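Chains as they are written, first to last, in our numbering: chain V, 5 to 303; chain Z, 5 to 303.
Just so you know, these hints were derived from the structure itself, not from any lab.
Here the structure is a predicted model, which is why all the values come from computation and not from measurement.
Take the hints with a grain of salt, since some may be wrong.
So the derived label-pair ranges between C-beta atoms look like this [said to hold, decoys possible]:
1. Gln248/Z - Val74/V: 53 to 63 Å
2. His86/V - Pro40/Z: 26 to 36 Å
3. Asp158/V - Pro40/Z: 36 to 46 Å
4. Glu297/Z - Ala58/V: 54 to 64 Å
5. Ala111/Z - Ala247/V: 52 to 62 Å
6. Glu109/V - Gly60/Z: 31 to 41 Å
7. Lys115/Z - Asp158/V: 15 to 25 Å
8. His107/Z - Pro114/V: 23 to 33 Å
9. Val29/Z - Val74/V: 22 to 32 Å
10. Lys159/V - Asp260/Z: 35 to 45 Å
For every residue, glycine included, the Cβ atom is placed at its ideal position computed from N, Cα and C.
2 protein chains.
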Amino acid sequence: MRRFIALTALLSPSSALAVPTPGSVPSPAEIVAKAPASAWRDVAPDHLLVMKLADGDRVVIELAPDFAPVHVANIMRLAKAHQWNGGAITRVQDNYVVQWRVHDEAASLPKGFVMHPPAEYERPLAGLDYRALGYPDAYAPQAGFAGGWAVGRDKNLVWPAQCYGTVGVGRDMPPDTGDGRELYVVNGEAPRQLDRNLAVVGRVLEGMEHLGALTRGTGDLGFYTDVRQTIPIASITLASDMAQTVRPVYQVMRIDTPSFTAYLDARAARRDPFFVHPAGGVSLCNVPLPAREVKQQGR
Amino acid sequence: MRRFIALTALLSPSSALAVPTPGSVPSPAEIVAKAPASAWRDVAPDHLLVMKLADGDRVVIELAPDFAPVHVANIMRLAKAHQWNGGAITRVQDNYVVQWRVHDEAASLPKGFVMHPPAEYERPLAGLDYRALGYPDAYAPQAGFAGGWAVGRDKNLVWPAQCYGTVGVGRDMPPDTGDGRELYVVNGEAPRQLDRNLAVVGRVLEGMEHLGALTRGTGDLGFYTDVRQTIPIASITLASDMAQTVRPVYQVMRIDTPSFTAYLDARAARRDPFFVHPAGGVSLCNVPLPAREVKQQGR
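Okay, chain V solo, but in the shape it has when bound (with noise of 0.2 Å):
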């Protein structure tokens, strides 16, 4: 006997699917795994970063250089620079952050590199396209989606929010000690009391089950207390230097598209066949933008 509960949206196509009730409502997963090629925007090579553990695991991360252009640049020169490689991941607080830094912070860092980028944390909402949630936001006057990100809105200024997977930049506490050499990742309930208080940079894609599973650190703020139990990063890589025949290609769903209107939707008011009370709304953070990898011909 194995009895179950309700299926998550899947981020990738390739998870299997719940088999659909004849007749039911499509379920998010559904309507993912149904949204034609016109509902998907490619991710730039540029934009994509690939981490490389020690045990081979792979992390594909989604950049933000609408968000926060400043910090991008400078993990982008840090990767190219192969300052991340021999990296680690040194601190895993349970339900709140995983962290990493490059191999050496007393490294020359790379030409163009910012040791002092504007506390980036919001943005006009001018040149995004915008999508309101359509519920409410216990962290904003209004919760949406701009540029393809999950967003806190107040009248003409939008920032990331800080969901499950995303990416930020660590600091200490004057704004502008982050420069984009010690980054996290969000690995629980999304403190969202951090939106606009650190630079969102970007979005795991794939791969969060391996940082959501390591192990917990037992010093401060959850730091391992013994070098031995860091987590060893092998490369920080763009995929635009990576070889075609090698890189991940990764398509996230467009905003402006009706799949995306009935996603949204499916999110909110759950109709497949598990479910006997429909919330009829849903949080912001509980509506992670669909992600896919693109198997490319003859790979």
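Chain Z: place on chain V using the hints.
Okay, now just chain Z, sitting in the frame of chain V:
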């Protein structure tokens, strides 16, 4: 250089606290640490479930008899009959749930066990103390705390919210197919679409960092595909059935106290020095009810 990001509310005063900046406003963790004895209520040892994994890790769960009395009674009967001992965690789905089951689902059931409990998904507010969260919620007309639990509310009905660490009863499609022999705990972003769709029977007070770090299953719905991957459970015992000298003793913060008022307010408007932009609001599942283990003298 160890850049960091702000400390989340601590669930146990034995964890390290951030050092307060002189003159600064107390953080949620500091408020919890300073709460007087009168701010706490004891958890009855009858309603404290102690899970020991085979590797020695301990998980302590507070049961929720006020919300799912028939399911909780079943779980207590299974514990008294030792039917969890030799059970296993069979499913770990990233950003969703960890699920476990009794040793032998074909074993004779303990006396009094209810095969088809009612769908205990909501209950009348009457008889429980209540405090509103005070911020908007996407899933319920009102969010708050009732009888010491985070709840959604619609007029005179309340139901426990499915937050990180919430323990519930797995079931098949029909609502009356879960009896308590398979339980799950939420290990990611609160899947509140499950509110009022599954019976909530408890929450993890200690040891979530062990369950959160389990290797994700690669089968459908995160089930392990090979029995050798499953995580063996040594025992699940009621604290009241353990010798007084070894049983854990827990307290949870009362919601009708000035300490909880201050804690809730500080969670919503972070004034500790790290924050440059306090949100001014907080989501229900981001206000974990403070709990603490009480160390008994002479142990």
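Here is what the structure says about each hint:
no.	hint	in the structure
1	Gln248/Z - Val74/V: 53 to 63 Å	holds (60 Å)
2	His86/V - Pro40/Z: 26 to 36 Å	violated (55 Å)
3	Asp158/V - Pro40/Z: 36 to 46 Å	holds (38 Å)
4	Glu297/Z - Ala58/V: 54 to 64 Å	violated (36 Å)
5	Ala111/Z - Ala247/V: 52 to 62 Å	holds (56 Å)
6	Glu109/V - Gly60/Z: 31 to 41 Å	holds (36 Å)
7	Lys115/Z - Asp158/V: 15 to 25 Å	violated (59 Å)
8	His107/Z - Pro114/V: 23 to 33 Å	violated (57 Å)
9	Val29/Z - Val74/V: 22 to 32 Å	holds (31 Å)
10	Lys159/V - Asp260/Z: 35 to 45 Å	holds (38 Å)
The structure does not agree with the numbered hints 2, 4, 7 and 8 stated previously, though it agrees with the rest.
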